[in-house]
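2 protein chains.
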Amino acid sequence: MARLHHVPLSPFCRKVRLSLAEKKIEVDLVEERYWEADPDFLRRNPAGKVPVVRLDGKMMSESAAICEYLEETRPEPPLMPKDPEARYEVRRLVSWFDDKFHHDVTSKLLYERVNKKITGQGYPDSRNVKDGAKAIKYHLDYMAWLLDQRRWLAGDVMTLADFAAAAHLSCLDYISDVDWNRSAVVKDWYAKIKSRPAFRSILADQVSGFRPPPHYADLDF
Amino acid sequence: MARLHHVPLSPFCRKVRLSLAEKKIEVDLVEERYWEADPDFLRRNPAGKVPVVRLDGKMMSESAAICEYLEETRPEPPLMPKDPEARYEVRRLVSWFDDKFHHDVTSKLLYERVNKKITGQGYPDSRNVKDGAKAIKYHLDYMAWLLDQRRWLAGDVMTLADFAAAAHLSCLDYISDVDWNRSAVVKDWYAKIKSRPAFRSILADQVSGFRPPPHYADLDF
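Sequence order for the protein chains is A and B. The numbering of the first sequence is our numbering, which starts it at 64 and goes up by one. The numbering of the second sequence is our numbering, which starts it at 64 and goes up by one.
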């Protein structure tokens, strides 16, 4: 049994949750108010952020390192292809979403609308929200361009790249910030990933003070 | 022959340069004024940032994905151990430096003092510089704590984690922002890594308008 210290609307935590669930590793979820810098939590992770997972008797942090570790120690079902070029493409896209998409979109929409309120940092900056709303269109178009050529984001099989992207988009969908009408291929891709058993716990998330739209948990959205 | 599009004072580019050099892959360096968003460069990398490397007939971006690809296709000499737990620790530390150290220190010192001037964004924000100067002490202490228990940052062998850390610190050392008197073990570690042949090209870097201190390229600093 793994134990994951997380917050429900963190794309990095969701990516780890999806990997754990897809690999059928049972997990005990513990919500962590990481911004309160509780000394017990800081002892578990000096970086002071989530996700932190207790697995194989070790406390582990940094979502990318955790997911690679899971892949190396629990290879079934695989979330990375075998070929080095294909693995490169998976890792490039995981970085694309966790770095660029996060910077351009997630930090400007989710963090402004949700994290600021939860952590008592005041109101959303409307300039950031406007920039994020503009940037997500460009990113959805980039995804559509990839999915016009491939069944999944990094190639013909589902990988960590799909989980990274779905982790961000599902958090933004919780606050109605994804326009699913922009691209049919992106919507189809999300419908496929949303209907996986690994996604169930994410669709059941409830964050106090923020009610998701009805389509959030609907598989026929 | 690889071709690397880079800027000299980018820790992400330096990490890739160190990996290429350690694995004895000859590289043609091309300085890229990525902030000018040249259409040719954007075609090579839609994320619009460096490093971008041309290798095995492919254009590759995202330093973490590039380094993992190098490791998988050119395993000698290894920059990652074999054991999954040890590999986790390497990746955790690479993320620590490229994410947390970058956010706390590099973006607040190097980007304020150098990148802003080069890209015509004005003067350093003194609040950021002050925060960065404070944060680097905490990070050097964390490195000292690791190096009290281990020969290299992630364990008993030199790995990508050391290159990630040295890439950031060498950029900061170029602008005299590292207090090497703070910790003898950290200084010894940097002396070891600085004296490797792979480090030579980095010590020879010259950035117009910024002269490095005499100790920057001195192996007995």
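Just so you know, the hints here were simulated from the structure itself, not pulled from any lab data. Some hints here could point you the wrong way.
Claimed, not checked - Each pair of labels, with its calculated beta carbon distance range:
hint: 1; chain 1: A; residue 1: K145; chain 2: B; residue 2: D146; range: 18 to 24 Å
hint: 2; chain 1: B; residue 1: A100; chain 2: A; residue 2: D146; range: 42 to 48 Å
hint: 3; chain 1: B; residue 1: D204; chain 2: A; residue 2: F273; range: 34 to 40 Å
hint: 4; chain 1: B; residue 1: D103; chain 2: A; residue 2: D162; range: 36 to 42 Å
As the list claims (entries may be wrong) - Just so you have them, the derived chain A footprint on chain B, three or more residues with Cβ under 8 Å:
hint: 5; segment: 130 to 143
hint: 6; segment: 158 to 171
hint: 7; segment: 214 to 226
Quantities reported herein were computed from a predicted structural model and do not represent experimental measurements. Beta carbons: idealized from backbone N, C-alpha and C, even for Gly.
Against the structure, the hints come out as follows:
In this structure the hint that K145(A) and D146(B) lie 18 to 24 Å apart at CB holds, the actual value being about 20 Å. Checking the proposed 42 to 48 Å range against A100(B) and D146(A) shows it is violated: the Cβ atoms sit about 32 Å from each other. At roughly 38 Å, the beta-carbon separation of D204(B) and F273(A) lies within the given 34 to 40 Å, and the hint holds. At roughly 23 Å, the beta carbons of D103(B) and D162(A) sit outside the given window of 36 to 42 Å.
Counting residues of the segment 130 to 143 of chain B whose beta carbon lies closer than 8 Å to any beta carbon of chain A gives 4, which meets the minimum of three for the stated coverage. Counting residues of the segment 158 to 171 of chain B whose C-beta lies closer than 8 Å to any C-beta of chain A gives 4; at least three are required, and the coverage claim holds. Restraint check on the segment 214 to 226 of chain B versus chain A: 0 residues with Cβ-Cβ distances below 8 Å, three needed, restraint violated.
Checked against the numbered hints given earlier, this structure breaks hints 2, 4, 7; the rest are met.
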